[in-house]
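Peer 1: The hints should help you fit chain G onto chain W, whose structure is shown.
One letter stands for each residue in the lines below.
Protein chains: 2
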Amino acid sequence: MPSHGGQRQAKRADARRNVRAILDAAAVCLSRDPDASVAEIARTAGVGRVTLYGHFASRAELVDAVVTRAIEEGDAALDQVDLSGDARDALVRLVEQSWLTIVQIGSLVTAAFDALSEERMRELHARPMQRAEGLVERGRAEGVFRTDLSATWLVGTLHRLMHGAAAEIEAGRLAPAEAATTIAATALAAFTPPGRPVPEVGALATRERS
Amino acid sequence: MPSHGGQRQAKRADARRNVRAILDAAAVCLSRDPDASVAEIARTAGVGRVTLYGHFASRAELVDAVVTRAIEEGDAALDQVDLSGDARDALVRLVEQSWLTIVQIGSLVTAAFDALSEERMRELHARPMQRAEGLVERGRAEGVFRTDLSATWLVGTLHRLMHGAAAEIEAGRLAPAEAATTIAATALAAFTPPGRPVPEVGALATRERS
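Residue numbers (our numbering), protein chains in the order written: chain W, 256 to 465; chain G, 256 to 465.
In short, the hints are calculated from the structure, not lab data.
Take the hints with a grain of salt, since some may be wrong.
As the list claims (entries may be wrong) - Quick partial rundown of chain G residues pointing at chain W, CB under 7 Å, derived from the structure:
| hint | residue |
| --- | --- |
| 1 | Gln335 |
| 2 | His380 |
| 3 | Thr407 |
| 4 | Arg415 |
| 5 | Arg428 |
| 6 | Ala444 |
| 7 | Thr447 |
In this text, a Cβ means the ideal position worked out from N, Cα and C, and glycines have one as well.
Isolated chain W (complex conformation):
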């Protein structure tokens, strides 16, 4: 007969497994349909609704948890991006990985927009924004990004180009495979100091590989 401590440990392991199954199911269900119900998510996770509500008091709390996890995972991937060297090359790499993250968690974010407050959304965006800000500041200090417009405006422009690409894909006016290059090419040009030549994204990528 197992000790009380052993039972407690087994219960905790069960709970962790359930939470993971619920979050995985929520990610799948909400990506497919931002309006997916708690019942559907519980069914997909193979747990009862009572169990689900034991871990997440409301649908909003569950959406918050799954979006937070997705953003943290995306953020971990972005942490692996090499932001050293020429700030323009680094920007292209950052855009490529950011776009991958957006594609992976895009539908989840749609669900989040409905369920989470604007303030919470801003909180969740803070780290990715800080990373872009840091890179923009470095590029300005090194003279490869323009300083005649504010860093805030440049970072906001990058942000809007990404959202714009998502909207253009949605409208069938941009091929998904071209999105990252289009965003990077536009941002790089927009960031170039007046009087300096606009870099070619292809040329940057080639230089990076060689």
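Peer 2: Using the frame of chain W, we list chain G on its own:
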């Protein structure tokens, strides 16, 4: 004693005056408060609600009429912009006048977003968008705007930069007086073909004046 024809004419003149007063009042009230009520608009116009509803069957119809008039007026101002000569100079002039129009009718558009369908909004945006498209196409044909990204993407980027500037002003991160130059500088850089130098908006304006 006036003839029946004379009475009819006087009545028609009255009706025209009332419609103009109602549209002017609606523009003022809705700019101040996008949720302004029909009663408030009638009061400001100095007409009764019955008279107002005699001309506009619903609040949505009134909002449609006042936004349509504002966009047509803005469009008439944009028609006066000289789009000839170097497409880059023309883009700066177009951005400056477009921004003026956006500032003038911006709050009205907020009211419109609530009251009008997305399709109707797209319809009302069609002419300003066509003008920008024509200019972008000419700049591409003449080699001063890039052709490695689609014209649709470039026009959409210009559109998003304008909306972005409005959002940044709203958030207190951009001075209203700097908006037009910021938008024009960013769009010009974004439109520059890779390998070509980014033009200075100031230099363009100087060249234009000299």
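Peer 1: For every hint, state whether the structure bears it out.
Peer 2: Here is what the structure says about each hint:
1. Gln335: 28 Å, violated
2. His380: 14 Å, violated
3. Thr407: Since the shortest Cβ distance to chain W is 5 Å, the answer is holds.
4. Arg415: Hint on arginine 415 (chain G): holds, closest Cβ of chain W at ~5 Å, below 7 Å.
5. Arg428: 5 Å, holds
6. Ala444: Status holds, d = 5 Å.
7. Thr447: 5 Å, holds
In terms of the numbered hints stated before, the structure departs from hints 1 and 2, listed from lowest to highest.
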